[in-house]
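Participant: Protein chains in written order, with numbering that gives the first Met the number 0: chain U, 0 to 542; chain E, 0 to 145.
In short, the hints are calculated from the structure, not lab data.
Glycine residues also receive a C-beta, built at the ideal position from the N, C-alpha and C atoms.
Warning: the hint list may mix true and false statements.
Some chain E residues judged to face chain U by a derived CB distance under 10 Å, without partners named [to be verified]: (1) Gly6; (2) Thr47; (3) Pro104; (4) Ala115; (5) Ala120.
Chain U regions said to be covered by chain E (calculated; three or more residues, Cβ under 8 Å) [said to hold, decoys possible]: (6) 73 to 79; (7) 87 to 93; (8) 96 to 106; (9) 351 to 361; (10) 402 to 411.
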Amino acid sequence: MMMRLPAGRAPGEPVTDAITTFSDVRDQKALRDAADVIVIGTGAAGSVVAGLLAERGVDVVMVEEGPHVRAEEFRTDMDSSLKRMWRDSGFQTAMGRAVTPVLQGRCVGGTTVINGAIMHRMPEPIHAIWQREHGLGDAFSYADLERAFDQLDIDLSVAEAPESVLGGNSTLLRAGLAARGLSGNAIARNVVGCRGSAHCNQGCPTDRKQSMLVTFVPRALAAGARLYANCAARDFTWHAGRVGGVRARFRNEDGRPGPRLELQARHAVVVAASAVQTPLLLARAGIGRRSGLVGHRLQAHPGTAVVGAFHEPVQMRKGATQGYESTHFWHERMKFETVSMPIELIAARLPGLGPALVEQLANYDHLAVWGVQVRARAQGSVAQGLLGGTSIRYQLLPEDVHVLKRGVRVLSELMFEAGAHTVYPGVFGLPDQIQSPDALAALDALADDPARSHCTIAHLFGPALRGTAASNSVVTTGLEAHDAPGLFVADSSVFPTNLGVNPQHTISAVAFLLAEQLSETVHRRRSILRERPTSKAPVLQLS
Amino acid sequence: MVRVLFGVERRLARQIFEAILPSGRDGRLDELAHHAALESYLAELFRTAPLRVCLGFRLLLWCVALSPPLSICRFTTFGRLSPGERLGVLRTLRTSRIYLVREIPLFFKAFACFEALASPATQRALLLEPHDDAPPRWARAGGAGD
Numbered sequence: 000m001m002m003r004l005p006a007g008r009a010p011g012e013p014v015t016d017a018i019t020t021f022s023d024v025r026d027q028k029a030l031r032d033a034a035d036v037i038v039i040g041t042g043a044a045g046s047v048v049a050g051l052l053a054e055r056g057v058d059v060v061m062v063e064e065g066p067h068v069r070a071e072e073f074r075t076d077m078d079s080s081l082k083r084m085w086r087d088s089g090f091q092t093a094m095g096r097a098v099t100p101v102l103q104g105r106c107v108g109g110t111t112v113i114n115g116a117i118m119h120r121m122p123e124p125i126h127a128i129w130q131r132e133h134g135l136g137d138a139f140s141y142a143d144l145e146r147a148f149d150q151l152d153i154d155l156s157v158a159e160a161p162e163s164v165l166g167g168n169s170t171l172l173r174a175g176l177a178a179r180g181l182s183g184n185a186i187a188r189n190v191v192g193c194r195g196s197a198h199c200n201q202g203c204p205t206d207r208k209q210s211m212l213v214t215f216v217p218r219a220l221a222a223g224a225r226l227y228a229n230c231a232a233r234d235f236t237w238h239a240g241r242v243g244g245v246r247a248r249f250r251n252e253d254g255r256p257g258p259r260l261e262l263q264a265r266h267a268v269v270v271a272a273s274a275v276q277t278p279l280l281l282a283r284a285g286i287g288r289r290s291g292l293v294g295h296r297l298q299a300h301p302g303t304a305v306v307g308a309f310h311e312p313v314q315m316r317k318g319a320t321q322g323y324e325s326t327h328f329w330h331e332r333m334k335f336e337t338v339s340m341p342i343e344l345i346a347a348r349l350p351g352l353g354p355a356l357v358e359q360l361a362n363y364d365h366l367a368v369w370g371v372q373v374r375a376r377a378q379g380s381v382a383q384g385l386l387g388g389t390s391i392r393y394q395l396l397p398e399d400v401h402v403l404k405r406g407v408r409v410l411s412e413l414m415f416e417a418g419a420h421t422v423y424p425g426v427f428g429l430p431d432q433i434q435s436p437d438a439l440a441a442l443d444a445l446a447d448d449p450a451r452s453h454c455t456i457a458h459l460f461g462p463a464l465r466g467t468a469a470s471n472s473v474v475t476t477g478l479e480a481h482d483a484p485g486l487f488v489a490d491s492s493v494f495p496t497n498l499g500v501n502p503q504h505t506i507s508a509v510a511f512l513l514a515e516q517l518s519e520t521v522h523r524r525r526s527i528l529r530e531r532p533t534s535k536a537p538v539l540q541l542s
Numbered sequence: 000m001v002r003v004l005f006g007v008e009r010r011l012a013r014q015i016f017e018a019i020l021p022s023g024r025d026g027r028l029d030e031l032a033h034h035a036a037l038e039s040y041l042a043e044l045f046r047t048a049p050l051r052v053c054l055g056f057r058l059l060l061w062c063v064a065l066s067p068p069l070s071i072c073r074f075t076t077f078g079r080l081s082p083g084e085r086l087g088v089l090r091t092l093r094t095s096r097i098y099l100v101r102e103i104p105l106f107f108k109a110f111a112c113f114e115a116l117a118s119p120a121t122q123r124a125l126l127l128e129p130h131d132d133a134p135p136r137w138a139r140a141g142g143a144g145d
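One chain only, chain U, in its complex shape (with noise of 0.2 Å):
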């Protein structure tokens, strides 16, 4: 398909004309701007959504929380990284018996900037579960998701990491499943020549990952879409009975508040702000209040990470961030990849303090680690919270907490197959380090309880319900608010239950549906009113 590209612009020109940032407007007190389509968010959904839409001819704005950051502007460092580009600078945290950290980009490009580039078609027993008991139906049917998979593997340029970026860390893992005759695969990701430099979660230094930042903010740019970063939704405006507009407000790095920004949507709202980040949104304007379900029923991946000491070198430091996968378990509800940490993570990661802890430092070079994913079944809430927090309540089930020892022994044990002389299982109640498998008999003995590991969620999921009825959901089949005309969700907000494997390609293949389905209504609504498509509005400054 032709791009539309604005004038005198060459194609793979950056469009940085396009993005209005708090820098841009600071000494104005309000703007404002109308489009076709407002979107709220530009991670894996927001952006697909933009992208697509602004290139079948619609007016788009995309309104973006965090700072527009670009690949020379990246350190390695990861306390530079969470500071600028992760939600609450990596602290946002779910509280239960144990206080779990929740990991979330917070910048142009979302989550698909920090994230690990793994990229995942939804299974199809997920699928089946959604038509049958969440009463989905035909709607995003698996055949139609496949066809959009199919187009972001194109447009994302998925592929499995080749053997030479896997590195120490994804082959040790790769040979502690064949000893023990489990399968595993290296993982699908969407990277064009990686060259290894394990720094996916920090943002890719060489722009290699095709994360949002990369691929669909810059096409939707180029295709005449808008984008505000540094800009908060705040609220909705109405118009004749619909959702017709977003107010936001634009804020510097530091969260000075800058000038108010008021937004006109002719057609559609459309929400992809996380799945913490929208039932705040719809809660604040009302949305969804007769289901009593928005901010309810969230789900997660809750993950730990097992480390082992090798005598050969690993480098983790060298390759992919994350370069191999078993599904072996999927139907046991676990996952396991290899996860490269920088230093400072995994320092914090080991065990002991004082000496013993810089002797381990010393070997970094010869650690490995892998982590266990699992497939909760626990759920929990967000709501907003004191001192302009979210209140994020999550806390696993005995039964998960179940499965993620099994995981962190079966881990444990493949450590030792890959040839590992040292084990730190990271248990409260098991010694900081093994030498042994047998050592791990004693996990068994040890309550299920959440507070013995240390896990962290990277993925949420639900806490929007999409169903058929606005009395057990949030939102329509066809992802449009059920008491808010106008407005559409498209993230993992929407999603019945979590998935059990990474995410991002699902997230975005619902919102590559929703997309097309919107691009119709769009232009439908355009030949009914008989407009004609709209030229840029320029910012209007209010007062």
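Using the hints provided, position chain E relative to the given structure of chain U.
Facilitator: Positioned in the frame of chain U, the structure of chain E alone reads:
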């Protein structure tokens, strides 16, 4: 005031960080142990972190400061202990049966590692080739804390 640590709190933070990451026995990590950029690191942390993290950091500093009577049965404060005794306090907290207590040393350990190990010089001392030649913003002259 919430976003600025008092001098006594900064000294306490330094004592905790030095107990968690002291100099290595082989001398390679002396720079790491000096926590040279700690002041500016804390200043930037308190400038950028959510308010609840700043409050939590401060609260937990004082928990450690006043913990010796309960952790090692010594009626004194953390700052008056020898370096070895400080490490003993943190180790005792780490093995507590109470989840929130045993997480306190890990909370500070994470910050200590971020502060000390982000420096290219430290990474070179560990024989790791750093990708960034320049240290983080807060560790440079004229950075956040200067």
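Participant: For each hint, tell me whether it holds in the structure or not.
Facilitator: Verification of the hints:
Proximity of Gly6 (chain E) to chain U is violated relative to the hint, the smallest CB-CB distance being about 24 Å (cut-off 10 Å). For Thr47 (chain E), the suggested interface contact is upheld, since its CB lies about 5 Å from the closest CB of chain U, less than 10 Å. With a least beta-carbon distance of about 6 Å to chain U, the hint placing Pro104 (chain E) at the interface is held under the 10 Å criterion. Of the supplied interface hints, the one on Ala115 (chain E) holds, with its beta-carbon coming within about 8 Å of a beta-carbon of chain U, less than 10 Å.
Nearest Cβ of chain U to the Cβ of Ala120 (chain E): about 12 Å, over the 10 Å cut. The hint is violated. Only residues whose C-beta sits within less than 8 Å of a C-beta in chain E count toward coverage, and the region 73 to 79 of chain U has 6 of them, enough to reach three; the restraint holds. Closer than 8 Å: that is the beta-carbon criterion, and the region 87 to 93 of chain U has 3 residues meeting it against chain E, so the requirement of 3 holds. Given as covered by chain E, the region 96 to 106 of chain U passes the check, having 3 residues with a CB less than 8 Å from a CB of that chain where 3 are the minimum.
A stretch counts as covered by a chain when three or more of its residues have a beta carbon under 8 Å from one of that chain; for the region 351 to 361 of chain U and chain E the count is 8, and the coverage holds. For the region 402 to 411 of chain U, the proposed coverage by chain E is not satisfied: 0 residues have a C-beta within less than 8 Å of a C-beta in that chain, short of the threshold of three.
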